[in-house]
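Asks: Whole structure, please, built from the sequences with the hints as guidance.
One letter stands for each residue in the lines below.
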Amino acid sequence: MLSAKELFNNMFDQILSKLKTTEQADRLVDELINLKANAFKPSAPALEELVLKELSTSYGEDLLLIIKQNKPVDVQKFINEFIEVLKNLPVLNLTIAFEPRSKSIDHFHAFITQNISKNILMNIEIDPSIVGGAQITFNGKYIDFSLKKLLEVELNTKGSEYFKLLNNNG
Amino acid sequence: MNNQIIFYAATLLTAVLGLIIGGVAYSYRKLINKYYALKEEIDLRDKEGKLQASKILEEAQARANVILQESQSFQLLLKQNLDKQLTTANQSYNNSYQAVLTTVKEESIKNIGNISQEIKTEISTEIDQVLNSLKEEMIKSQASAIESLKLGLAKSEQDIKLYKDEMYKKIDQSILKIIQTVSFQVIGKTINLEDHEELVIKALTSAKRQGII
Numbered sequence: 001m002l003s004a005k006e007l008f009n010n011m012f013d014q015i016l017s018k019l020k021t022t023e024q025a026d027r028l029v030d031e032l033i034n035l036k037a038n039a040f041k042p043s044a045p046a047l048e049e050l051v052l053k054e055l056s057t058s059y060g061e062d063l064l065l066i067i068k069q070n071k072p073v074d075v076q077k078f079i080n081e082f083i084e085v086l087k088n089l090p091v092l093n094l095t096i097a098f099e100p101r102s103k104s105i106d107h108f109h110a111f112i113t114q115n116i117s118k119n120i121l122m123n124i125e126i127d128p129s130i131v132g133g134a135q136i137t138f139n140g141k142y143i144d145f146s147l148k149k150l151l152e153v154e155l156n157t158k159g160s161e162y163f164k165l166l167n168n169n170g
Numbered sequence: 001m002n003n004q005i006i007f008y009a010a011t012l013l014t015a016v017l018g019l020i021i022g023g024v025a026y027s028y029r030k031l032i033n034k035y036y037a038l039k040e041e042i043d044l045r046d047k048e049g050k051l052q053a054s055k056i057l058e059e060a061q062a063r064a065n066v067i068l069q070e071s072q073s074f075q076l077l078l079k080q081n082l083d084k085q086l087t088t089a090n091q092s093y094n095n096s097y098q099a100v101l102t103t104v105k106e107e108s109i110k111n112i113g114n115i116s117q118e119i120k121t122e123i124s125t126e127i128d129q130v131l132n133s134l135k136e137e138m139i140k141s142q143a144s145a146i147e148s149l150k151l152g153l154a155k156s157e158q159d160i161k162l163y164k165d166e167m168y169k170k171i172d173q174s175i176l177k178i179i180q181t182v183s184f185q186v187i188g189k190t191i192n193l194e195d196h197e198e199l200v201i202k203a204l205t206s207a208k209r210q211g212i213i
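Chains as they are written, first to last, in the working numbering: chain A, 1 to 170; chain B, 1 to 213.
For the record, the hints were derived by calculation from the structure and aren't laboratory data.
Residues from chain A that keep clear of chain B, each with C-beta distances beyond 10 Å, as calculated:
hint, residue
1, 40
2, 69
3, 74
4, 83
Simulated pairs of lysine to aspartate or glutamate, EDC-like, Cα-Cα distance not exceeding 16 Å:
hint, chain 1, residue 1, chain 2, residue 2
5, A, 103, B, 194
6, A, 158, B, 172
7, A, 87, A, 30
8, A, 149, A, 127
9, A, 20, A, 106
10, B, 202, A, 144
11, A, 103, B, 197
12, B, 177, A, 152
13, B, 177, A, 154
Footprint (simulated), chain A over chain B, 3 or more residues, beta carbon under 8 Å:
hint, region
14, 182 to 196
15, 207 to 213
For glycine and all other residues, C-beta sits at the position ideal for the given N, C-alpha and C.
Replies: See below:
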């Protein structure tokens, strides 16, 4: 039996499944806040028109569909609750050494959705000094799987051997 | 009658009184005469006494002068005697003193001579002893100094070796650091996008395996 929160979240699965990064979620929250500000003014245009105007295309259409399907009594409250859902989505912090393309982001998100859970947002930070791999923080736990760490460990433990090799070859 | 009695009584009384007064006056006169007589006697005696006293005084004075003269001459004599005695005693004392002084001088010279000889001997003995002990101390100090130098040298060599080892270690660490930095830069540039993605996926996989995510 799913909780009310889970049921509510499931309503927005269509939209949530499209959100991959915290950046995207933050942008959607801003759009929803603007929608809220403009939708309930006395001389406001129709909600449908406003939703499509304020939100990016795919999100706007999905939101309209959700509103039509669920017919909330209080649309404003509905939108507020959606904003809260977006703000409280779990976040996985990922520090990587390169600027990811959208394909890379899709790839990472697919892995996370398949192997961990759906509706987890990635907070991607770029730090070239880690050389490669990733530093991961999730639910208060941290682990360093960067190439920099691996190389440092390797050099510290076997550095003298490499040095001897260099000397012998040099 | 009464008046007559009274009259006669009064007259009697007056007569008696007169007699009494007469008697008193007569006694008084007598007394005065006696007084004057006595006074004369006293004056006379007084004069006599004074005369005698002055006589005695004169005699005493004369005798005192005699005595004084005698005493002055005695004093002079005494003084002369005393001077003479003093001179004699002084002379005698001086002579004795000189004699003693001379003796003492001679003795002192003799003793000083002995003392200086003794001192000389003592000093030279002491000097010899000091010289010998100084020699011994010098030899000991030399040996100790040589030992200290040797120890110091050994310690310095040890310190130099430690310092060298530490410096070599630092150099090795610096070189390793350089190798590390260069390796990072080279590896960073040689990894392509696909390799990066693969590395991230591997990191996520390892994190899942370790229960981080």
